Structures are given as structure tokens and as C-alpha cells.
Amino acid sequence: MTWLWPALLLLVPLAGAVAIMFAPARQAKWIALLATTITFVHSVIVAVAFEHWHDGGFDLEAVVPSLGMESMGIAVRFGADSVSLLLVLLTTLLVPLCVWGSFSAISRRVKEYYGWLLVIEAAMVGVFLARDVIFFYVCFEFTLIPMYFLIAIWGSSNRSRACIKFFLFTFTGSLIALAGLLYVAWQYAEINAVFEPGGGSHLSWTFDIATLTSFAAGTLSASEQRWVLVALMAGFAVKVPLFPLHTWLPLAHTEAPAAGSVLLAGVLLKLGTYGLYRFVLPMVPVAVVEYAPVIAVISIIGILYAALICWVQDDLKRLVAYSSVSHLGFCVLGLVALNPLGAQGAVLYMINHGLSTGALFFLIGMIYERYHSRDMAELGGLAARMPVWGFFMVFFTLASVGLPGLNGFVSEMLCLIGTFTASATAEVYPGRLGPWYAAAAGVGMIFAAMYLLMMVGKVVFGPLKEPVVREPAQGRALPPDLCWREIGVLIPLAVLCLYLGFQPKPVTDAAAGSIETMLSAYPQEVRRYVARESADG
Amino acid sequence: MVDSQAMLDKVWFILPEIWLVIGAMVVSMMGLSGTRLVRDAVPVVVCCFLAVAMAGIAWVYGDADRLAGIDLLMPQLGPYVKMILCAIGIVLAMLSVGLIDRPLEDSLKSGRARFDPIRTSRGEFFAFFLLSLVGAMLVCNANDLIWLFLALELTSLPTYIMVAISRPSVKAQEAAVKYFFLGALAAAMFLYGFALLYGSTGTVVLTEMRDAFAEQAAGDGLNRLAIVGMILAVLGVSFKIVAVPMHFYAADVYEGAASPVTAFLAFVPKTAGIVAIILLLGTVGWSGHGAPGAGGLPQPILVTLWMISVLTMTLGNVGALLQRSAKRLLAYSSIAHSGYLLIGVIAGPGMGINAVLFYLLAYGVMNTAAFAVLSGLQRQGEEIESLDDLAGLRHRYPVMAVVMAVAALSLLGFPPLLGFWGKFSLLIAGIEAHRMPLVVIALVNSAISAWYYLRLVGLPILAMPTPASESITHRPVPWARVAAVIAALGLVALPLFVNELLP
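If you read the sequences in order, they're chains D and G. Residue 1 is where the first sequence starts when you use my numbering, and the numbers rise one by one after that. Residue 538 is where the second sequence starts when you use my numbering, and the numbers rise one by one after that.
Check each hint, because a few of them may be wrong.
Heads up, incomplete: computed chain G residues facing chain D, CB under 10 Å, no partners named [claimed, not checked]:
{"hint": "1", "residue": "V582"}
{"hint": "2", "residue": "G648"}
{"hint": "3", "residue": "F652"}
{"hint": "4", "residue": "I655"}
{"hint": "5", "residue": "L949"}
{"hint": "6", "residue": "F957"}
{"hint": "7", "residue": "L964"}
{"hint": "8", "residue": "I965"}
{"hint": "9", "residue": "V1022"}
{"hint": "10", "residue": "I1023"}
{"hint": "11", "residue": "L1026"}
{"hint": "12", "residue": "V1029"}
{"hint": "13", "residue": "L1031"}
{"hint": "14", "residue": "F1034"}
If you are wondering where the hints come from, they were derived from the structure by calculation, not from laboratory data. Quantities reported herein were computed from a predicted structural model and do not represent experimental measurements. Even glycine gets a Cβ: it sits at the ideal position worked out from N, Cα and C.
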């Protein structure tokens, strides 16, 4: 029954969702809050008891018996290393806040709403805990359904287009990624085929992530790795999202309800970078070394392009959504720098972006609840009306911009330093990027400061401008400024932003072990590649 | 002189079928009874006969000695296919409760008319229902071309009548006539193929034919007549599984027939056809006869099947994109799923055939779930057909809306529903058989199909009801809706037992 302990992280939210189905509507939010809080506490206990914070090992390993397809080596296999656990913690922290933050915003189809929030929590935690490719894929895909409904039912005016686009983009992408993973599993099964004495043979399939990862890295040829890389990138780049595949994101973010945007930016985008971290980098090192500059250029285009788009946005939510595209570019850049600094920056960025952008979406949701508008032309000088809101808005914007002392700064700097030092001549961890890449991406930081501070300048400061409220909020009217519940939602995020700004070491240290294992093949691969290049040229 | 023991063994393994034929006779007589209670009991009796037949299948196939000695090409197909036919048959019978003779029964109840056996067709309908199932089950036991032909025709002939009497509408008559003539054309086609196969081997017995082909292959390759015969036979049988190029009837016939009958058409003849194709291909084998150095089917047959598979799934999915009618959409989706099934057929024994059988189960459940929703609802006694009728179904019938969404997601192959595991096994089978291009095409097709299956998810749950969909009510008999819920629960719960369900 060891499997029950990690499985409860999924089962408690699911049980909560079932309970909500049978409970009266007015108790739905309390059940959801209870279930998510239990899950949060559970995940904290798991984290405290976790033994591999410093060595990159896996814990919580367990297989649920008799589920899956035994003949194919598919099982519900749990396991977590420090990076997975950090992301689990981020998820279990954000979901109860989303539940709490939605108390006044959702008045329609309440039971379904909280039910879907719980289901999506289970799916997201499942992604981070999965140690089996198919279990991972099932959870990865299943996040689509709750999000589809969250956007489609509680979204704003253009929601039907947004949810369909979101679904089709991610579904298609992950199908291609599945094809790549199936190919790896097939190669493994072929090479390890068992020959029976009778003359026949049967393939020995497994979908264990660890087995397939070490197999792919060690055995697949360069051209095979290239194809697998392309397939996996198709799936994960849509989710991140990287530049040409990002078009679903602004639409989905803008139309989603506040909690949906928070989860989308806070956790779902990380499924893409986590996929890069867990699958792409360790599985196909030869191809990654070859294509690192390409991926880096795509990320930099994304950083700059999205930042320029942010500059001309009128819609608050759309602005923050595009800023996510820009920020996640740094994260991917840190990963393909192929050195520990960059990767630590990337992992820290995943957490930080979840905290600060999540909080920004909460803040915009609070404005939207009061004014039914996100249009920057209609809003201005709100600090006069809502000083508390104004304080938090400035605080999280600065965290997002990367003000030293707040969390965004550390991770952005680490990603950039990682990129900067990732030149072919570096001693310990040579890479394929270098100062020029860092310089180009650095311009993105300046852009970020400009567009985010312009937004704050318009919306928070200046002469007060309030739109006429077209439809009064249903139910309990909200006070002009934030109520205690809303402040309570923001405070944990603010505290963490501040703490990780001054003391990022716990996270970076925790990630270090895992990163070292993941990058172990790279220095040699890069040197080999560089040597071959110079021999050719 | 036929060995009498072999004869007895043959009869032994079709005892469940014989039992169901008795059932067909019983219900056809019960339908003529003057007592309303007896007539109403017809579907119940059908379900009982099917349940007993399931137990019977387990019993007769439990006899390992006989099973080892039986003279069949693929004896292992039998129990699995027959079990799923009977199990899904029970659900399909629930769908058809209250479908036939409704106006007649209404006027009897109100005393406006007196019972007249000549005007009732309920008994016949369910008798044909059972006979068609028997035909599909008998296909598994075919060891010669004559038996195979008769079993395939026994599957199809009753369905022509079922389509015609399924609803009192000229559309149904038109569908039946279309279905009948095209079916006859297809039968002629595969019969001609059978004749060529006989001509090239000198035998109609499948096991002997396999030996003859092995001999030919060891000599100077397969007889050309045999290849032509095999291709013609496969093309003819592809009518039963609605595969290109014999698919054109599907949309019209599925639309014309009443929804419960459409659900039946999409599953039972398809199962019979797929099993027949597997048996036919089993005679030439998947070990690469006539194609030196390569595994798999003989090249011309492989190319034909490959083309059929690709065209079928692509045409089905693209066709479904354009539909405005829910039944036509599901018809095209049925075509597409046949294309997926053929991947497993091409992959061959072992994983391939297992995946096909498992997929038949998965498809049977999800297809029945989707049609059960359509069968459980009506508008003033008329079928609901248009996709717009489903808009905002949630407001009136939340459970039916959820069932439709689950069925559509499963048809799409969305994890973790049953359809995902089915499609996944087919893809794995294709990969194992080194058919990567087919697998990639199937994945692309899945992505295309997301667009229209998403409409089936979105319309009932998300859209606002329209005046047209407001006027929808449920059918007076609850059993179709019960069947819908059972099938949807199956889609959600059966994945937990994938290990046990894989053949």
C-alpha cells in the first residue's frame, strides 16, 4: 500500500470533486477549499519527509497494482525528485488560493466550477508525479478537459473560440509528442526483444520514464534523436508556449475566469517546461546540443516579440498573458544553456513565474469583478480608490519585472548568466550559446520593465478613471478596496515572492542535485560536437 | 466422409448460436401474442437469451480438449468476439425497447383498434435482431468459404429488414432499399472473390487453403488468381465494415434508420466483417508469403489494405467535419474507426489482432453510448437528428449531455477513457509491425477528428438551448437512457480492467 501515500495527492481532490457532485451548491466552495487545503498540507508533509533534497534522487516511488496494461509495461508509477516536488508544491499552493479567490466571482454553475478546479489539480499533480510515460501522457492530456470547461463556461465574451483553439493546439501538439515517445519505447522494445526457445520472439515493452530516458540518451542515433526532439518539442513548445505556437495563449488567458488564468499561467505552462526538463533534455542530448542555438533563437524571438506586443496592449489580461510568453522564453533559454546555473534559473523561474504572474491574474480578476472591465483606456489612477490593491499591484509587477530583492530578478539573472557563460570554450559546462544570446535576451528585460511599468503607471497612478459599471455584481457586493479574503489570497504569494527574492538558495540548492543528474551527459556531448564542428570547418 | 466426431465438435461450439436461434423463434411468436404483457416482454426475453448465451460461450469454450482439436483457422477469436457481441447486444436490445409498433400499441391502449397479428412487427424485429447477432457469431466459427458467406449474409439480411421497419418513415424505406442493393452488390463481389480463391486452390476449407497457399508460396509464389480473389473478397467485405470504397451508403442508411438500429449497424456487421477479413487473410498469413525477405501480408494485398485503411480514416474524418446531422456525423466517424481497425488487421496476429478485438469492444461501447443518447430523446415522436438539436441539452437532460460528451471524448481517443486504450493498442500494434507511416497518419487523423468530436462535447454542455432544442423530450420508455448511462459508466470504469479485457 505504499502507493497510497503519493496517490492520495490525486485522490483527495478527486474525492472532493465527487463529494461536490452530491453536495448542495452552497457547500461546494467549502468542500473544495477543504480538499485542496488537505492536499496542500499533505504535500508539505511529503516535502518535509522527502530525503533527496540535495542529491537528485527519487522518492515516493510506488506502483499501483493491476492498473494500466501489464503486457505493455504500462503502470501507474509514482515517483518524485526535488524538481517535481517543487512543482507539486507550487500546484497545491495555487489551487486552494484559486478556490478561495473565486468565492465571490463565481455565481453560476458553482458545483461544476469547483469540481473542475479539483479535477485539474489532480491531473496537474499527476503530471509531476508520473514516472511512466503513458501515465504522464494521460494526466498531461487530461488537464485539457477541466481547462476547456473552465474557459468555455465561466469565460468572457469570446470564450468559445478561445477554448476550441486552446484544445486543438494542445491536443495536436501532445499527440505528436506521444508519437515521439512511442518511437523511443518501440526502439527499446525492439532492441530488448526476448527470443523464445521456440524460435519466436516478443518485444519487451516498458514505459518507465527512467529506463526509456537512459536508453534513448545512450542508444538512439543522432538522426533518430533529431526526429524525437522535433516530435517532443511540438508537444511541449505548444504548452510553454514558444514563439510561432503561442497564438492560443493570449486568447485563452484573456477569456478564462481569473482562477483559470492563474492556473494556466501558474502551472499549465510549466507542464511544457517541465516536459523539456524531464524528457527532452535527458532523452536526446545529441540533438539538443545540435539544436540548442535554434531553440535559443526561437525563445529570444518569443521574448522580444511578445514584449513588443505587450507594449501596445489595451487589455490588462492580454498584456500579462503576452508577458508570460516573454517570461517563459527566459526559462527555456536557461534550460538550453545546458549548464547548472541556467537550469537552476529555469527551475526557479518556473516557481517564480507561477507566484508573481499568478498573483497578477488574481489582481486583474479582482478589478474585473468590480468594474467588469480590463480595458486600460477605461481604468486609471485606481490607487486613489483602492490603495491596498494598488500596493499589491505595484509589488507583483515589480516582482515580475525583476526588481532586485524580489524573486523575478534572481531567476532572470540566473537564466541570463547561464546563457552568457554557455559558450563553447567554457571549462566545466561548455554550451552552444554565449554573450550575444544573453545580450539579445537582456533587451527583453528592458522591454519588460517598460511595458509593465507603463501599465502600472496608467492603471494604478495618475488621475482616477473608473468605468461605469454596466452590470452590478450579483450577490454580495464587494467593498471598493480589497476585502480580507482577497488580501488573504495575495499575502502567501507576496511573502513567497519576497522570501525567494532574498533567499532563493533553498530552491536552487534543491534543484541542483536533480539538475546535475540531468546534465551529466552534456559537457562531453558539447565538446564532442564542437570538436567535430571545428574539424569539419 | 465427414468424421462424426469433428461434426459433433463443430456443433458443440455453436451451441450458444443454436440457443439464440431458438430465442429468435420464441420472440417472433411472442410478438404475435394478443396479450400486451407478453408482447412487452419480448426485449426482456431477448436480453435473457443473450445473457444465457454468454454463460454458454464461457462453458463451451471452457472445454480445452475440444478447443485444441477443433479444425479452425483461428479458434481463439471465438470466445472474445462472441462475448462482446452478446454483451453489447444486451445494451443494444435495451436501446430498441419501445421502438417498434409504438403507434399501434398506443391505439390499442386507448381502445381505438383491436389487436391484429398481421399489423405487428415487434416480434420479427427482435427475432431478426438475434439472427443478425447469430450470423456475426457464426462468422468466428467459419472454416470454409460457404459457411463464411452464409454467416456474413445471415448477419446482413436481417439488418435490411430491421432498417425498413425501424420507423414508419419513407426515409427508412429508402435507406433499406439502398442498403439492400448495395449489400447485394458487395455480396456478389466477395462471392466472386471466393470463387476465384476456390479456383486457385481447389478447396473451400480455410485450413486446407492455408496449406495450399503455403505450398504455392514455397514454389513459384502465390497464384495470381488467388491474389485477385483475395482482393475482391476483402473489397466486398469492406461493405460490412463501411470502409472505402464501399462506404457511400453509410451516411444515408445511418440517417434513414432509427437510431437504435443505426447503433446496431455500426457495430454488429462491422464486427462480422472485420472477423471475416481476418479469417480470409489468415489463409495467406502475415509471414510474408511471396515477398522474399519481408514480413507481413503478400505485397498486393498489403498495398490494397494499406490504401483502404488510409483512405477510410481520412475520408471518414474529413467527411465528418462537414456534417450538420448528428447521425451523419457518427456515420462518418464509424467509417473513420474502420480505418483505425484496419491498422491492427495489417499488423497481424499477436498484438495486431488482439488490438482489433479490444478496439471492437471499445468502439461497441462508445458508439452505443452516443447512439443511446439519440435514441433516448425525441421531438413529438420523431427522431432527433440535427446537431443543433443537441444544443443546450444539459439544461433539460444533464445526464444525457454528460453521456454524449463522454462518448465523444472516448471516440476521439482521449485518455483515460476506454477509446484511448483501444486506439493506443492499435497504434502499438502498428508500430510493432513496422508500419510507422500508418501510425503517423492515424495520429494526424485523430487530431482532425478532435474538431468535430469537440462539437459533440461542446454543443450539449456549453451551448445555449435554441427554440428547436427546447422542444425535445425524452422517449416514454426509459431503457435507452438507462443503456446510455451503463455504456458511459463502462467507458469510464472499464479502463481500470484493461489487463483483464485485453484478449
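Going through the hints against the structure:
no.	hint	in the structure
1	V582	37 Å, violated
2	G648	45 Å, violated
3	F652	46 Å, violated
4	I655	51 Å, violated
5	L949	8 Å, holds
6	F957	8 Å, holds
7	L964	7 Å, holds
8	I965	6 Å, holds
9	V1022	15 Å, violated
10	I1023	19 Å, violated
11	L1026	14 Å, violated
12	V1029	12 Å, violated
13	L1031	12 Å, violated
14	F1034	9 Å, holds
Violation of the numbered hints given earlier is confined to hints 1, 2, 3, 4, 9, 10, 11, 12, 13; the remaining hints are satisfied by the structure.
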